[in-house]
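Novice: Generate the whole structure from the sequences, applying the supplied hints.
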Amino acid sequence: MVKAEYVWFACILMSASATSDGMAKRSYSDQTVKGYITERTCWWNEICKEEFQILFRCKCPAWSYCRSPGRDDVSVTHARRVREITHNQYCNIRKSASYRFLDHNILTCKNKMCFLVFVALFTGVLCEPETVRENFDYFSYSSNDDLLKNTDLHMPKDEVVLRPQEIKDWPQQSLNVGQITAVSINSLGQPVIFHRAERIWDESTFNESNVYQNLDKGPIIEDTILVLDPHSGSVLHSWGAYAFYMPHGLTVDHHDNVWVTDVAKHQVFKYTTSNHKYPSLTIGEAFTAGYPHRRRVLLCMPTSVAVASTGEIFIADGYCNNRIVKLNAAGGLLLNIPVSDSLTLNLPHSVALVENLDMVCVADRENMRIVCFKAGLVSLLKLFEPPTVVEDPTLGRVFAVASHGDTLYAVNGPTAQNIAVRGFTVNARYGNILDTWEPSAGFSNPHSLAVTRNGSHLYVTEIGPNKIWKFELTDVYDK
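According to UniProt numbering, the sequence shown is numbered sequentially starting from 1.
It is possible that part of the hints are untrue.
[Unchecked claim] Straight line, CA to CA, 20 angstroms or less: simulated SDA-like cross-link-like pairs of lysine to any residue:
| no. | residue 1 | residue 2 |
| --- | --- | --- |
| 1 | LYS168 | ASN466 |
| 2 | LYS217 | PRO230 |
| 3 | LYS217 | ARG199 |
| 4 | LYS168 | GLY189 |
| 5 | LYS382 | SER440 |
| 6 | LYS277 | HIS231 |
| 7 | LYS217 | ALA241 |
| 8 | LYS277 | TYR242 |
| 9 | LYS168 | PRO465 |
| 10 | LYS168 | VAL476 |
| 11 | LYS217 | ASN207 |
| 12 | LYS168 | SER440 |
| 13 | LYS277 | VAL227 |
| 14 | LYS168 | HIS254 |
| 15 | LYS277 | THR344 |
| 16 | LYS168 | HIS231 |
| 17 | LYS382 | PRO338 |
| 18 | LYS382 | ARG429 |
| 19 | LYS277 | VAL235 |
| 20 | LYS217 | ASN275 |
| 21 | LYS168 | TYR242 |
| 22 | LYS277 | ASN257 |
| 23 | LYS277 | SER238 |
| 24 | LYS168 | GLU438 |
| 25 | LYS168 | THR452 |
| 26 | LYS168 | TYR430 |
| 27 | LYS382 | THR452 |
| 28 | LYS382 | SER444 |
| 29 | LYS277 | ASP256 |
| 30 | LYS382 | LEU333 |
| 31 | LYS277 | VAL339 |
| 32 | LYS277 | ASP223 |
| 33 | LYS168 | LEU473 |
| 34 | LYS217 | GLU203 |
| 35 | LYS168 | GLN190 |
| 36 | LYS217 | ALA286 |
| 37 | LYS382 | ASP406 |
| 38 | LYS168 | PRO230 |
| 39 | LYS382 | LEU357 |
| 40 | LYS168 | SER444 |
Read the hints as simulated data drawn from the structure, not as lab findings.
Specialist: Structure follows, in structure tokens:
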């Protein structure tokens with residue numbers, strides 16, 4: 001029998017630890033950031049993003065705890081030490097500071113109801129977050145906004161398959177562009193394309209070490225990024241001259257930032273809406289064919305980028321490393337996908353997020369399949385679940401994937417005489433092919449595709465002939 005005085009003594013110790021070291025509950029109105037050009041605090045899972053460095057530098061409120069996603073600039077010698085947060089770090093904040101993330105990503109529970117880190121990890125009890133203030137720049141999933149875990153709330157009983165129907169005579173005039181390697185859609189519904197002008201990728205472009213061989217030609221002197229009118233297809237404005245050597249992937253994120261990949265430079269660039277001349281974020285080292293590294297993010301001919309609404313970046317590190325690199329919004333390395341050796345990729349050529357299923361889907365080109373891994377946007381524990389694999393004898397070499405809701409759209413490229421070049425509609429949840437489609441004249445060499453944010457239209461680009469197609473997504477059964 002435990003003596004009563006020992007029980008009382010233990011209760012006193014637990015209550016003291018819960019209220020010491022600034023652990024008292026605070027309201028979100030507690031603003032402790034002073035001396036900045038624009039006063040502002042970072043809320044839970046929000047990142048002090050690099051595009052805001054000029055306007056302000058975020059700092060965690062005094063009652064919050066910080067986690068560095070990248071290499072630590074300040075050593076932490078004690079678990080109770082709290083640091084200021086710089087532009088490449090997170091704030092993790094709760095109404096009651098019941099736990100904190102430390103610099104080495106170790107979960108330390110301070111609430112007396114949390115016992116051991118390992119118990120939490122293996123039971124899935126990760127000190128669930130309380131309701132948090134809306135993140136102004138990147139959406140954060142809280143217990144009240146559990147969109148990823150309740151995907152069946154608004155699903156129709158009978159699944160409707162929308163078929164892309166070609167829109168004739170679009171664009172209305174020739175664009176006079178080179179190989180159109182990528183297309184994405186901005187918030188205005190305007191297609192944004194990436195093309196190579198006169199530059200051609202052939203067998204002499206790279207050597208056996210994946211080093212670009214045409215540096216003497218310099219960067220492409222023409223504008224390589226064009227914004228098109230969705231109605232006529234005419235060029236509204238353009239930019240990107242003297243910046244790229246071998247364009248490949250382009251993605252417009254939720255805030256209209258433009259992300260591009262240059263396979264010659266082995267880099268990914270992020271451009272904000274206010275500055276198309278200088279990138280606000282550069283990932284990789286120029287003209288350095290990099291390989292997986294513990295701390296530095298080195299890329300080798302990256303092909304595609306997908307950006308989550310929570311800010312995480314997924315890069316298809318395609319032609320050499322055969323992996324998907326997951327980064328935080330500041331470019332700090334989080335993990336590599338696949339996380340295990342049970343499945344390997346062979347030239348991940350395109351990547352797309354299906355956020356309501358917490359999936360990142362990859363066009364595994366040379367394996368002739370689509371692979372959807374858990375993205376880890378909600379739970380890191382699910383990263384080790386088996387991926388959803390879409391395989392079919394008619395699929396061929398998959399060049400690109402795009403998503404809308406639970407639906408994936410994909411295009412293949414030239415594979416074999418008995419495999420048609422066409423588009424596919426796929427159910428991402430179950431991994432089954434729902435439909436196939438193509439324009440009346442057929443595809444020749446499609447390279448990318450994108451779906452409008454409202455799900456009304458789809459665009460496909462080709463690199464020979466250098467062409468962009470527009471399709472309307474329609475319910476074929478209503479027609």
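Novice: So, for every hint listed, does it hold in this structure?
Specialist: Checked hints:
no., hint, verdict
1, LYS168 - ASN466, "17 angstroms, holds"
2, LYS217 - PRO230, "34 angstroms, violated"
3, LYS217 - ARG199, "10 angstroms, holds"
4, LYS168 - GLY189, "19 angstroms, holds"
5, LYS382 - SER440, "42 angstroms, violated"
6, LYS277 - HIS231, "28 angstroms, violated"
7, LYS217 - ALA241, "14 angstroms, holds"
8, LYS277 - TYR242, "10 angstroms, holds"
9, LYS168 - PRO465, "17 angstroms, holds"
10, LYS168 - VAL476, "17 angstroms, holds"
11, LYS217 - ASN207, "16 angstroms, holds"
12, LYS168 - SER440, "9 angstroms, holds"
13, LYS277 - VAL227, "16 angstroms, holds"
14, LYS168 - HIS254, "29 angstroms, violated"
15, LYS277 - THR344, "37 angstroms, violated"
16, LYS168 - HIS231, "12 angstroms, holds"
17, LYS382 - PRO338, "12 angstroms, holds"
18, LYS382 - ARG429, "15 angstroms, holds"
19, LYS277 - VAL235, "19 angstroms, holds"
20, LYS217 - ASN275, "26 angstroms, violated"
21, LYS168 - TYR242, "34 angstroms, violated"
22, LYS277 - ASN257, "13 angstroms, holds"
23, LYS277 - SER238, "12 angstroms, holds"
24, LYS168 - GLU438, "13 angstroms, holds"
25, LYS168 - THR452, "18 angstroms, holds"
26, LYS168 - TYR430, "33 angstroms, violated"
27, LYS382 - THR452, "29 angstroms, violated"
28, LYS382 - SER444, "39 angstroms, violated"
29, LYS277 - ASP256, "15 angstroms, holds"
30, LYS382 - LEU333, "19 angstroms, holds"
31, LYS277 - VAL339, "36 angstroms, violated"
32, LYS277 - ASP223, "11 angstroms, holds"
33, LYS168 - LEU473, "14 angstroms, holds"
34, LYS217 - GLU203, "16 angstroms, holds"
35, LYS168 - GLN190, "18 angstroms, holds"
36, LYS217 - ALA286, "16 angstroms, holds"
37, LYS382 - ASP406, "18 angstroms, holds"
38, LYS168 - PRO230, "13 angstroms, holds"
39, LYS382 - LEU357, "11 angstroms, holds"
40, LYS168 - SER444, "17 angstroms, holds"
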